[in-house]
Amino acid sequence: MPEFDFSTTLGPAWFPTPLFTASGCASSGKELSQFFPLRDIGAVVTKSIMLKARPGRPTPRMAETPSGMLNSIGLQGPGIDTFLANDIPWLLQHNARVIVSIAGENVDEYAVLARKLRSVEGISAVEVNISCPNVENRGLVFACDPQASRLVVDGVRRTLGGDIPILVKLSPDVTDIVEIARGVIDAGADGLSLINTILGMVINVDTMRPHLAGKTGGLSGPAIRPVAVRAIYQVHQAFPKIPILGMGGVRSGRDAFELVLAGASGVSVGTATFSNPMAVIDVQNQLREILMSKGFNSLKEAVGFAHRDE
Amino acid sequence: MPEFDFSTTLGPAWFPTPLFTASGCASSGKELSQFFPLRDIGAVVTKSIMLKARPGRPTPRMAETPSGMLNSIGLQGPGIDTFLANDIPWLLQHNARVIVSIAGENVDEYAVLARKLRSVEGISAVEVNISCPNVENRGLVFACDPQASRLVVDGVRRTLGGDIPILVKLSPDVTDIVEIARGVIDAGADGLSLINTILGMVINVDTMRPHLAGKTGGLSGPAIRPVAVRAIYQVHQAFPKIPILGMGGVRSGRDAFELVLAGASGVSVGTATFSNPMAVIDVQNQLREILMSKGFNSLKEAVGFAHRDE
Amino acid sequence: MSSINRHSKQITATVVSNKRIGQYHQLLLNIGHVVENARPGNFVAISVGGENSGLILRRAFAISRVSHRSDKGDGTMELIVAPHGSGSKWLCSQPEGASLDVVVPLGTAFGIPTEPAQALLIGGGYGSAPLFGLAEVLKSKGCRVDMILGASTASKIYAPIEGKRSVNSLKIYTEDGSAGTLGKVTDPIPSLIEEGLVDVIYSCGPMAMLAAISHIANAADIVHQCAVEESMACGIGVCMTCVLPVENSDGQIAMLRSCIDGPVMDGSRVQWNQVGKVAK
Amino acid sequence: MSSINRHSKQITATVVSNKRIGQYHQLLLNIGHVVENARPGNFVAISVGGENSGLILRRAFAISRVSHRSDKGDGTMELIVAPHGSGSKWLCSQPEGASLDVVVPLGTAFGIPTEPAQALLIGGGYGSAPLFGLAEVLKSKGCRVDMILGASTASKIYAPIEGKRSVNSLKIYTEDGSAGTLGKVTDPIPSLIEEGLVDVIYSCGPMAMLAAISHIANAADIVHQCAVEESMACGIGVCMTCVLPVENSDGQIAMLRSCIDGPVMDGSRVQWNQVGKVAK
Ligand SMILES: Cc1cc2nc3c(=O)[nH]c(=O)nc-3n(C[C@H](O)[C@H](O)[C@H](O)COP(=O)(O)OP(=O)(O)OC[C@H]3O[C@@H](n4cnc5c(N)ncnc54)[C@H](O)[C@@H]3O)c2cc1C
Ligand SMILES: Cc1cc2nc3c(=O)[nH]c(=O)nc-3n(C[C@H](O)[C@H](O)[C@H](O)COP(=O)(O)OP(=O)(O)OC[C@H]3O[C@@H](n4cnc5c(N)ncnc54)[C@H](O)[C@@H]3O)c2cc1C
Ligand SMILES: Cc1cc2nc3c(=O)[nH]c(=O)nc-3n(C[C@H](O)[C@H](O)[C@H](O)COP(=O)(O)O)c2cc1C
Ligand SMILES: Cc1cc2nc3c(=O)[nH]c(=O)nc-3n(C[C@H](O)[C@H](O)[C@H](O)COP(=O)(O)O)c2cc1C
Ligand code: FES
Ligand code: FES
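Taken in sequence, the protein lines are chains R, U, S and V. One point on numbering: in the numbering used here, the residue at position 262 of the first sequence is 274, and numbering is uninterrupted. One point on numbering: in the numbering used here, the residue at position 136 of the second sequence is 148, and numbering is uninterrupted. One point on numbering: in the numbering used here, the residue at position 227 of the third sequence is 361, and numbering is uninterrupted. One point on numbering: in the numbering used here, the residue at position 247 of the fourth sequence is 381, and numbering is uninterrupted.
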């Protein structure tokens, strides 16, 4: 019997395991390294970084919801220069593979961020988070606008050249996610990250106002898993050759397996890390075990297996 | 101190209490009458009825998900004629107020359904469920298409005349729910029902295929409440004078209060009835108590209260 | 339908005892005088996972047996629960004294012959549970009760000693031969029928077993009342998730709700080969 | 930061006892030798609601006191829990013997003076909990320990008799006068400072109380270490929900995470009037 092959590829990037942190749910990696060696997982996907330092939104920034939570962090962060000076070297020094998530306020900013990343050694991939407001178009979220998301990816692709793979992270808050996917694939995405949070709101029944300072927030956690599975399934069905990094409510190997069967080549664990600091490792071990017990010889055999005979 | 006024209006229709069943979650009402007198709640919203009898989708039709469930019933029902001959007389005889939910396969069918309802005495309102596939446009769901949803409502409005109020039930699976709302309001909707289920999928890890025979299904239950609150808040903010019948994950008076604060003039209870046959009554009693304890003199004072000072 | 669930109540029941029997848990719940309305074949729906549970739907279980002392207002109900997924495992972990949220009784009951008759009761796995309660009632009506139980293996046979008192004969079949005869519950039916020992068949168990029994009963033109088991979201007839294709009295196939038009159904009317498909 | 949470472990802890004290529950948990790394000021994060819980986030609680017998490998930790919402109520309902999923210890600890000093400890409501563990440590270092506790009403004062042994003085203030002096914990601070009895202030309680103490401490130029309480999703520094505006050593205001840059912070650096707003 051949040895089980747990490795995965997202476009040209290879990873020994298909488990990743989810952007914004592992900070820059350091904090989790108190709980497990970062090199043991596929890669650390860093919190979306913007051009300038940002303080983020006022608090409260979170609300728990049934089997989920809302967050409204507002992309607090140190800005790309400080990030490249401090965080990336630290991660590489600790032998972590790194996927850098970037976010911009307008189309150009994404290209500028890509330019800064171009010369950085050791980055495995760039995740382009387009679920942010486009300040040049009434704050409309890029990912909700086929034209804008295409332009963002086009700019990043041209700037980065062909060396670093580009994953584009889509929002489920759209009428037709396949259409958005088509646009960014045409513009040069190597893969897709599915899904970002779903827009939600909690009203505090004591103050009788929206609980979050930012009013609306992003819904994550097990509650949204069925939406993630559906989005991954739909997009994999439409573009079976485009690798998908799946995420949304994964907290066990069983959950990750569901995303893999739907079509994910890799799985990011986000909110589950908040309740279990070891979640990524635990999910990784459980997924490996499930795949082997089902008789798969490799992760790749299982990717999109739910689509067979169709 | 004046007596507490729990009544509500949805357009020209008046109801003694703001609690309703959710379409498809109370069948035609009879079954729940074993648990409480139907006249005690605001109204029974009946399961969406179509022109012809329909067997619905194959089983499995449901899957439980974290704090939610998926369903894929496929609008099984007896067809409008049998429904009008059997179910409506029974409901009226038992002094239930009735909101009839209708669904069509194309724009014309909605108008035909409206024509059949026009002459029926005693109906409080019509809820137009536009979250169904339009067979004349590649199965695209009406509610996801501003033009189609507008046409449907326009047809129903013209046919019904001004007598019976029209509530249009929208899907949250759209990029911009306010835009869809604007279209159907322009076309003559008296009120909006928010929200229908969210498209999701569960993969059965034993069979390694989609669990539902219909593959995708609609996500309902507490998991989606933050999405319902957000949609109601957004639409109430844009159209403060249009009454909203809110639904999505309500299982307690506290939850209903959240929807009311966001802008709902009435609240439908769906999935919660599956776990608690008395849910509508329980939520109704709890909501009344909460409103009074917060010092409101009427339900109406609380509708949209979370928007104050903005 | 109008009489279905007329006596259903949502109550808080206390766990009187919880014993492991083979691969099952025998749960005894105190449900007070509601017990008086429970008939063999009825089921109950129980909330699982506790107050903050992410499992939002009730789980359905057949009532195995009931007993009451009307003088004390005490009524107990026995359930046989297989630890399957999260909900049933939670239930099996409930200690004596725990409180459960139960809706009881639900659904149709087995029809009882008005005259003494020869009844054959067939159960698969935990499907034997409601048959013991049924046997007691049949016996009290002067019926002859023969019982056949089957399962894949010995630990999945539920056949309590007390229960055996109400039956005239009990045969056990396992697919691995670890208890009783090696084989299936359907093996002995034809010869029993031929011997003229069967006026009516009652069955409960996996759908494939019910289908096989229906096949035999139809051929011999013997009444077959079976308790079906479909995935249920509400258990009270309002969600339409639990449907089965069943022939109407006018010969048409309709998708009937197994929670209120069942779980006990006329086996000859269920379109077994179309279960999971849509009636045309 | 690099040393924060270096000793944190996710463990299964057993409830040794659960006692109601006024409006609180005193929970004693056996956490084994992990206890050795717990310092006064650290907190723990506990999963709530059981296995199928819809409450997905951990709840944070200050470690009140710890004790261990290294020979037996036993280590217990005491928590004082106010039944507030679903999660804390669930925790308060856990019986002796129950197992809890706990991440311990987390966050910064109170700094202990290297030389004996006069320490003033101020607690509001359950905020007194960690102060008793702190008092023991300070006492053992030869410090003088004065304690002031306050709450809205008597039943919200947590002041166990054993705890009083480690303090030189204990004053209690309630807003309704139902215990101790009618008034607020801040009332006596200025005169204590004037009398020269205060070298360092330690505090834990509602944010408004911490702000008021900071105001007094700043004016008198006295070191003030306070344990803040912000809504936390992760408790381990990865989510950025728990931030507070704090002045850096270079004079800039940054949004620091109260879970890993706290909960114990330098009161003079927290921008109390900007809490809940965004640093500019
Ligand atoms: C009328 C009726 C009587 C039953 N009687 C018994 C009994 O006496 N003893 C017993 O052990 N079991 C019985 N069952 C099956 C029992 O309901 C399921 O085993 C149980 O619901 C599984 O829940 P879970 O959380 O453990 O599993 P999960 O698979 O996690 O459940 C997920 C969802 O699927 C539903 N589901 C899963 N399996 C079944 C099933 N076989 N039937 C119906 N719904 C299912 C659950 O209700 C739940 O909503 C009966 C079912 C029905 C419909
Ligand atoms: C560092 C720290 C130490 C604490 N120490 C104690 C203690 O010793 N004793 C004690 O009784 N309580 C303490 N708390 C507060 C305690 O965490 C909350 O009361 C508890 O989280 C409320 O959860 P719930 O489910 O009961 O309430 P809910 O309101 O239902 O909780 C909903 C969500 O909001 C969060 N939340 C609500 N209130 C608070 C709060 N005050 N602080 C932080 N998060 C909150 C919860 O964690 C949860 O995610 C502490 C909090 C922090 C941050
Ligand atoms: C607190 C928090 C912060 C997040 N920040 C980001 C971010 O900066 N960039 C991004 O692309 N996604 C961000 N996300 C979304 C997650 O990466 C992920 O797509 C989503 O939470 C669904 O996965 P989960 O259910 O496993 O958390 C954030 C999510 C949470 C909960
Ligand atoms: C089993 C089931 C059937 C439903 N059928 C219909 C329907 O026929 N027409 C309709 O407009 N909505 C239907 N819905 C949607 C509900 O009316 C409601 O909008 C949704 O479930 C959200 O509310 P809830 O979370 O309280 O269930 C159905 C929902 C469920 C769970
Ligand atoms: S389970 Fe809902 S109708 Fe049968
Ligand atoms: S609680 Fe997550 S960073 Fe502090």
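Read the hints as simulated data drawn from the structure, not as lab findings. Treat the hints loosely; a few may be bogus.
What the hints assert, rightly or not - List of simulated lysine-lysine pairs, DSS-like, C-alpha gap at most 30 Å: (1) K275(S) <-> K298(S); (2) K305(S) <-> K143(S); (3) K305(V) <-> K411(V); (4) K306(R) <-> K298(S); (5) K318(S) <-> K305(S); (6) K411(S) <-> K273(S); (7) K305(V) <-> K223(S); (8) K227(R) <-> K223(V); (9) K227(U) <-> K306(R); (10) K273(V) <-> K305(V); (11) K223(V) <-> K306(U); (12) K153(V) <-> K411(V); (13) K227(R) <-> K306(U); (14) K318(S) <-> K306(R); (15) K273(V) <-> K227(R); (16) K305(V) <-> K275(V); (17) K273(S) <-> K143(S); (18) K227(U) <-> K143(S); (19) K223(V) <-> K223(S); (20) K223(S) <-> K318(S); (21) K64(U) <-> K411(S); (22) K306(R) <-> K305(S); (23) K312(U) <-> K312(R); (24) K223(S) <-> K298(S); (25) K411(V) <-> K306(U); (26) K227(U) <-> K227(R); (27) K227(R) <-> K253(U); (28) K223(V) <-> K273(V); (29) K128(R) <-> K64(R); (30) K306(U) <-> K318(V); (31) K64(R) <-> K411(V); (32) K227(R) <-> K64(R); (33) K227(R) <-> K306(R); (34) K275(V) <-> K298(V); (35) K312(U) <-> K253(R); (36) K227(U) <-> K305(S).
_Holds or violated: K305(V) to K223(S), with C-alpha atoms at most 30 Å apart_ = Since the Cα atoms of K305(V) and K223(S) sit roughly 51 Å apart, the hinted pair is violated (cutoff 30 Å).
*Pair hint K305(S) and K143(S), alpha-carbon separation not exceeding 30 Å*: 37 Å, violated
*Does the structure keep K223(V) and K273(V) at a Cα separation of 30 Å or less?*
The hint is violated at about 34 Å.
*Pair hint K223(S) and K318(S), alpha-carbon separation not exceeding 30 Å*: 28 Å, holds
*Assess, step by step, whether the Cα of K227(R) is no farther than 30 Å from the Cα of K253(U), and give holds or violated.*
21 Å, holds
*Do the alpha carbons of K64(R) and K411(V) lie within 30 Å of each other, as the hint requires?*
Between K64(R) and K411(V) the Cα gap is close to 19 Å, so the pair holds against 30 Å.
_Please verify whether K306(R) and K298(S) have alpha carbons no more than 30 Å apart._
41 Å, violated
*Holds or violated: K273(V) with K305(V), Cα cutoff 30 Å?*
17 Å, holds
*Has the given pair, K227(U) with K305(S), been kept, meaning a C-alpha gap of at most 30 Å?*
42 Å, violated
*Compare the distance between the alpha carbons of K318(S) and K305(S) with 30 Å, and conclude whether the hinted pair is satisfied.*
11 Å, holds
*Is the Cα-Cα distance between K227(R) and K64(R) 30 Å or less?*
24 Å, holds
*Assess, step by step, whether the Cα of K275(V) is no farther than 30 Å from the Cα of K298(V), and give holds or violated.*
17 Å, holds
Consistency note: the structure conflicts with the earlier hints numbered 2, 3, 4, 6, 7, 12, 15, 18, 22, 23, 26, 28, 33, 35 and 36.
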